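Given the coordinates of chain A, work out where chains B, C and D with the ligands should sit on it, guided by the hints.
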Amino acid sequence: MSADSPGGLTPPAPPGARWPAAVLDPRLDEQTRTIYEKSVAGRRAFTPPVTDVPEVPIESLLPAAMRRSAPAELPEIAEPEIVRHYNGLSKKNFDLDTGFYPLGSCTMKHNPKLHERVAALPGHARLHPLQDPEHAQGALELMWNLQRALGEIAGLPHVSLQPSAGSHGELAGLLVTRAYHEDRGEHRHKVLTPDTAHGTNPATVTMAGYEVVKVGTDEHGGVDLEDLRAKATDDVACLMLTNPNTLGLFDRNIEEIASIVHDVGATLYYDGANLNAVMGISRPGDMGFDIVHYNLHKSFTQPHGGGGPGAGPIAVSDRIEPYIPRPQVVREEGHNGHGPRFALDSDRPKSIGKLRGFQGNFGVFVRSYAYICSLGGEGLREASETAVLNANYLRALLAAPDVAEYLPIAFDRVCMHEFVLSGRGAKEKLGIRTLDIAKRMLDHGVHPPTVYFPLLVDEALMIEPTETETKETLDDFAGVVCAILVEAADDPEIARNAPYTTSVRRLDEAGAAKNPVVRQAPR
Amino acid sequence: MSADSPGGLTPPAPPGARWPAAVLDPRLDEQTRTIYEKSVAGRRAFTPPVTDVPEVPIESLLPAAMRRSAPAELPEIAEPEIVRHYNGLSKKNFDLDTGFYPLGSCTMKHNPKLHERVAALPGHARLHPLQDPEHAQGALELMWNLQRALGEIAGLPHVSLQPSAGSHGELAGLLVTRAYHEDRGEHRHKVLTPDTAHGTNPATVTMAGYEVVKVGTDEHGGVDLEDLRAKATDDVACLMLTNPNTLGLFDRNIEEIASIVHDVGATLYYDGANLNAVMGISRPGDMGFDIVHYNLHKSFTQPHGGGGPGAGPIAVSDRIEPYIPRPQVVREEGHNGHGPRFALDSDRPKSIGKLRGFQGNFGVFVRSYAYICSLGGEGLREASETAVLNANYLRALLAAPDVAEYLPIAFDRVCMHEFVLSGRGAKEKLGIRTLDIAKRMLDHGVHPPTVYFPLLVDEALMIEPTETETKETLDDFAGVVCAILVEAADDPEIARNAPYTTSVRRLDEAGAAKNPVVRQAPR
Amino acid sequence: MSRYTSATDADRQAMLDTIGVGSVDGLFAEIPEGVRLQRPLDLPAGLAEQDVYDHLAALAARNTHADAETSFLGAGMYDHYTPALIDSVLQRSEFLTPYTPYQPEISQGGLQVMFEYQTAISELTGLPVSNASVYEGPSAVAAAGYLAKLETKRTKLVVSRGLHPHSRETLATHAKGYGMTVAEAGLDSEGVTDLDALTALVDDDTAAVFVQQPNFLGTVEELGTLGEAAKRTGALFVVAADPLPLGILEPPGALGADICVGEGQTLGNRLDFGGPSFGFFAAAERFIRKMPGRIAGETRDVDGKRGFVLTLQTREQHIRREKATHNICTAQALNALAGVIYLSWLGKQGLVELGELMLRRTHYARETLGLEAINPGPVVREFAVRVPDLDAVFERARAVGINPGYRLGRDYPEYEDGLLVAITERRTKADIDRLAAVLGSVREEAHA
Amino acid sequence: MSRYTSATDADRQAMLDTIGVGSVDGLFAEIPEGVRLQRPLDLPAGLAEQDVYDHLAALAARNTHADAETSFLGAGMYDHYTPALIDSVLQRSEFLTPYTPYQPEISQGGLQVMFEYQTAISELTGLPVSNASVYEGPSAVAAAGYLAKLETKRTKLVVSRGLHPHSRETLATHAKGYGMTVAEAGLDSEGVTDLDALTALVDDDTAAVFVQQPNFLGTVEELGTLGEAAKRTGALFVVAADPLPLGILEPPGALGADICVGEGQTLGNRLDFGGPSFGFFAAAERFIRKMPGRIAGETRDVDGKRGFVLTLQTREQHIRREKATHNICTAQALNALAGVIYLSWLGKQGLVELGELMLRRTHYARETLGLEAINPGPVVREFAVRVPDLDAVFERARAVGINPGYRLGRDYPEYEDGLLVAITERRTKADIDRLAAVLGSVREEAHA
Ligand SMILES: Cc1ncc(COP(=O)(O)O)c(C=O)c1O
Ligand SMILES: Cc1ncc(COP(=O)(O)O)c(C=O)c1O
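Line by line, the protein sequences give chains A, B, C and D. Residue numbers for the first sequence follow the working numbering, so the first one is 35 and each next one is one higher. Residue numbers for the second sequence follow the working numbering, so the first one is 35 and each next one is one higher. Residue numbers for the third sequence follow the working numbering, so the first one is 234 and each next one is one higher. Residue numbers for the fourth sequence follow the working numbering, so the first one is 234 and each next one is one higher.
Just chain A, with the same shape it has in the complex:
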């Protein structure tokens, strides 16, 4: 029903054109309204508990100068309409439980429903972060177990769960690197990042007070060793790498790279966003990395929540251990028959200190720990194997001539968990850009791959199917890609103007940035 309907008896104009024009959904005319625009003075969803203490006049408790002069303009609305409002908004989101979501580098794997159940247990969800450790032994043991498991997976013994996301883990990694060098009296000011690196890497480098030095990519899609040797000078603090890298390729020269970096005394940092390719198969620690971050919201099933929460724990080698954030969960062997005790150790003199409040995103830890318990070592390996199998199968489907002509693969090699195509051909031969292909996919009910990243691939489409998708889904997706290309060969306008079936069509992003409207106009 039209949200803007004047209501009452003024009938909305009948659909002008005659049927079949009238088949258009009347609701399509609807303009979305914010919850503030649905507010009506005097309505409420909240009933205050009774005031069981003396009703002392507020003025006597709070000086007028400190007291709010005008109430915050929050909505006034009853529960039924709040529910409908957010329910309605949810229907304007595409999500992983609805369809295929091959967003490269984001590891959109299934989020098991069990995890929501265990995370909601009052013993977890209702536990105060400052509860006396004696009364939080279950939570501390869970964290300790997770530290241990993550350490084993990365092949690095010491884990700090504290960072809140991948980029926070990256910052932690560079801060411990700085502490490590300074502790040895060294002051290094450069950090190397490959030109394929994710944007958070260079951004982190700056925030950590370092200068970014870019390293090139060779013709196989790996680090250009010559360039690396040239730039690996003794004022380099660290090389940040992800392996497999953002092209979805495993760098065959990883051992060589590690020795080059270590020879100049720098640390080797592993961006774990792509860990889903190698769990139980190859461990960053064994590759020579000193520091690793995990994205628990990628490899370890924390739901993405439309942009978080996540968690970005780090694992480090012995030499880095003294510097990791505090507090750290430690296990104390039990004495005379008692089981082990778990404690929060803040007495870590060389630690870089706290990176955030309390002990980290515990609710995320619960889900990731449940996932590890469900799969076990074998299951994690199988997950990575299947992720790589799915990626290569889809790569093979899309390598067929009628697709490859328009969307050639960036580096024609066996890939790991993801691969990157270039929209070059489509742009030149069909006159449609990668953006157009992505938008047309929306009409087909699939989420597009990551587009225009990595930067060194022209018109990039970065495709990560993950292990939890079926063969049929991959087949269907290949069919959709074909359909879009065939359609574009017939009429490129269709893709150029897509999408058509979404709640809104292409949006004016430039205009939004030019005159930013970032809140409801104050009443």
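Note that these hints are calculated values from the structure, not bench results. Misleading hints may appear alongside valid ones.
[What the hints assert, rightly or not] Just a few of them, taken from the derived set where beta-carbon distance is under 10 Å, the chain D residues facing chain B:
1. Y237
2. T238
3. V254
4. D275
5. P277
6. A278
7. G279
8. E282
9. D284
10. H288
11. D320
12. S321
13. S422
14. T547
15. H551
Bear in mind that the values here come from a model prediction, so they are computed numbers and not experimental data. For glycine and all other residues, C-beta sits at the position ideal for the given N, C-alpha and C.
Relative to the frame of chain A, chains B, C and D with the ligands by itself:
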């Protein structure tokens, strides 16, 4: 993405027609598939717990003759696809949290989210029905409190929570009526029901072994007193009535009706489906009813669940009390300082016995009890007042000439919680039937009213907005009705062929009944 | 103002103006003075959400639920593990809040669920036709009795004493209404239906014969022979079954059952102190137009697109009224949805694996407890034993957080010392051994 | 095979054939032998869903959660009641499972939520620009420090000792990275920021001054005067605030704050042992292009229809890389959603009513406990007192299921005998009286 897509590289034919034909959602071609059709041999969502006892050969435990020869053909499918399947199906349902649902006689009021939380508490959801009462005192107290509250609301002291739904409550009502008469040595074989009665009433009469005698409706929409007097003979066991009745009208003659019925020694039964009109305002017991059923899934917010669960408790007067179902929750005063105890009393010699397993739909009781606790006596009265206010407001909006010409009201009086329009005018003057109006409403995103009931109104539309809807929603709905009529005046074909925007369009119901396909074809 | 209603004073005034009535009270003028409530309802005042939560949480805390003890209690409802995905689907408002699908074009989700559910029940029972649910097990038994009456016009029902006591009583309650009598055939010394007794009861006026699989004591009945005895005189053979063991048991439909009904709680539903769950109702093809309740059927829309509708509605109360095959309207759709999700989760292999796990653990338990068996025959998930000192056992077991099971004496005087023990996949070998230890210790003391 | 993957052996073979590789191992040929793991991961074997549930439930049972005791613990996270409707919305997969809204046409729900959230934060803080969330409170403080550096190019940060200890430490950790020093101004004898000390510390190289509202001890700071002192030399005035008390306190934006950040847990988020919650970040208009993180903005589509997008992205890492205003990518969208639902639920009136209820109960508690106040000034939800025999009090309180609060000595040696007591709407007068009784009994014994 097309579910039937051959997959692989055979591209689905591109949308034949040129743009703007291509704006049609490619997904609209999708044919729905059942979960059985998504099954692939070898897939699984279930991991069995380890067998921790001796792996004795099954044959030695279960004779071959008793053992299943071929496994049941259940789907083979992993969790992610099960989730997507049912998520996808959910998106093909319209629901109360999505929009207006003025389904007459069904009281589609808001279902508070708190109720789901308290119903899910392990102490409720995980409590075994045969748990020793000593270990179920909380549950029994809740049931006792609910019995008491419902009794107060109906004005009848004795409540049995056992019946599973309204029609089950009706059956309980007639079975206790039979027991009551037989206990007094009387054998009556008729039950009176007005011609406006809901279908469950006559159906129940037959199931209870009685013969239905129909009573007419007078020009004010109430029971025809003449007809009632004529038919109220001493072989009549009961009169089943709902007040307000299914026309949404309160029967002014209720006192007279009660005395006529009581004079011939029959019981007066109150179908509580319409109780939402009179909570705290007028009580069936005070009107002279002997037996009442409640629909907890209507007046008391149990979500309808797409067709249940519900609960249909009954309340009765003292003379009927000996016959109500067993067991009954009773309260025993605590002795020497102890609080009261609650018990299940099965020692009720005159009881009609059990109507179902265990103690009734406890999970429903929890929700309805929470609702009563939230609103209190005042709140319940306010709920009924607002339900009646909303109904009369919408009635007034739709009484405007440009609507009333096509959809005249059946009985032009102040209504209670609902009212009934007739589509007579629209049929004659616009050539569209009530069914067409209902189907066109689907395109406007509102659920149609109950249609073609009550039977005595030609082309009936039975509209019940409930108290939880906003004035704006009622205004919008009136606008939709206008829009459909205006549109039909312009081109009736539009409504006749509606809906257009739903996941399927008008379905062949006759064909479905002619050659019933009621299960997936066996493999 | 209530948190669930939106009408402000301003709204009220505007609406009253439109209506043309001076006050809200004015809307109730039609209600005779004499039947108006002249006082507020005598109920506690309304509460804030947090206070309602606290009150109900406090009540819940006074119940000992299945996770708060190690329970061997079954006897009709069982502590099976329900996967988290069920709740996540059931809590979607699109399944939780709609009414019965009267408008199929906007109810395809619910209708397809019914169709998938009917298929699963048909597979489990081995009968071609299932409805979309009835209330619960015992009233499903009563519904079968009503169908038998409509079908045969006979007046007598014969039940095995192995039928759940609640089913027998519920059947009797309903039968009284539709004018039938119920006769009961006892159990033999092995705890299975006494074939001779049953045969003797079945006569030309017998409309239906009811047995339970597995029976109340947990024994797997020989449906084949019982069915023959039942059908000799043309009575319908009705089997009340627990759907979960049917994963490893030959389906009733393959053993001569005309109708198979049962309690659906074991299929992914909560214990909920006894409800809501659902009852299922499956039958042979020839009864399709006599079935109670909703049935979903497949069809096509005007564009030829596949869809589902409520079908064969001419059976039902809203169309047929006093001639309806049953009076049921609101049933248990949401619980049936839980059932079909649960079965999809278990899947073809899982259903068998779960059944065999229970089978093995149950036999392990029967051996380990080392007590005299009341029903020595094959059992799947439950068995009955004689326990010399039942009170002492309960006392001792409760003290260590164990609920040993169901006292058969509550319904079967002949088994005054009987204990019915249920072993679901939630009860491990360790749990069983703990129960055995308690029993052992009590036994020793008795001898000491 | 895992319950979360679908590849059967047949699928695997078919896929390998298409790929043209003989085996799955063959896909890993690129990984040098030397860095391959030659053994299985040393982790416990995978478990059935019910076993994982049991394991985690057993761990959870060893934690004393906020419903399992009467807790007066706050100190940065608070036991507020979160309405059930929040979970019902957050558990909808459409909010729970999507990624950051990179495709606005299919993410309008999440984007509009961000816009509504930004509006609510703007209203609470009295500042026009809010982002869509950062990680949590303390790292929001650190983000403000980074903005101050980018804005002023200065190297010094001044913090009040009234700032949460975690915020001060987190700020220091981050400042070390971006090359700034942190100086601290103490609290005066009344437990509020020492204005003179603060003034003395602020110099021409000071980039920003940080105070907390209410401060860690619960006192409402005089932001106006502190702001003036801070801005004398052109430093930014940053206020870290708890958004809930801001319902009744004059907003920082109206008292001179350039930036207001804070911990969002109190807005409808779980305690979760400390996370995930969200941090909010609001600022004056002139900082809009220096903000960290995502910002949603309103715009129109090609048909002129209203819509929302992620805007001002040229600030962000994925575009600006090393020149980005912050490195944050994944933030706390779902937690911010809980926040805006919570605020919509409280509503314009409710926010005030809740604040006033806490205010009254808190003052009642401070009087009733009858202990020496560390911060006698105005408090809203929390206050600090000196307790002669803290250990005895904890022991006695714990014994009767009361958690008396936070030991200030853990972070403030100067308040070794300090107890920080939080009074949310969950703590009733009766709870407060019980705590008072415990304190009283300990006091008496001390005197006896
Ligand atoms: C390769 C890579 N590195 C780092 C990140 C940053 O992780 P987060 O979003 O958790 O901060 C991402 C996330 O997209 C990524 O893909
Ligand atoms: C007037 C009336 N009576 C009885 C019933 C039957 O109630 P139930 O569906 O709970 O069996 C209904 C339900 O629609 C009804 O509207």
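Of all the hints given earlier, name the ones this structure violates by number, lowest first.
Violated hints (numbers, rising): 3, 4, 5, 10, 13, 14, 15; every other hint is consistent with the structure.
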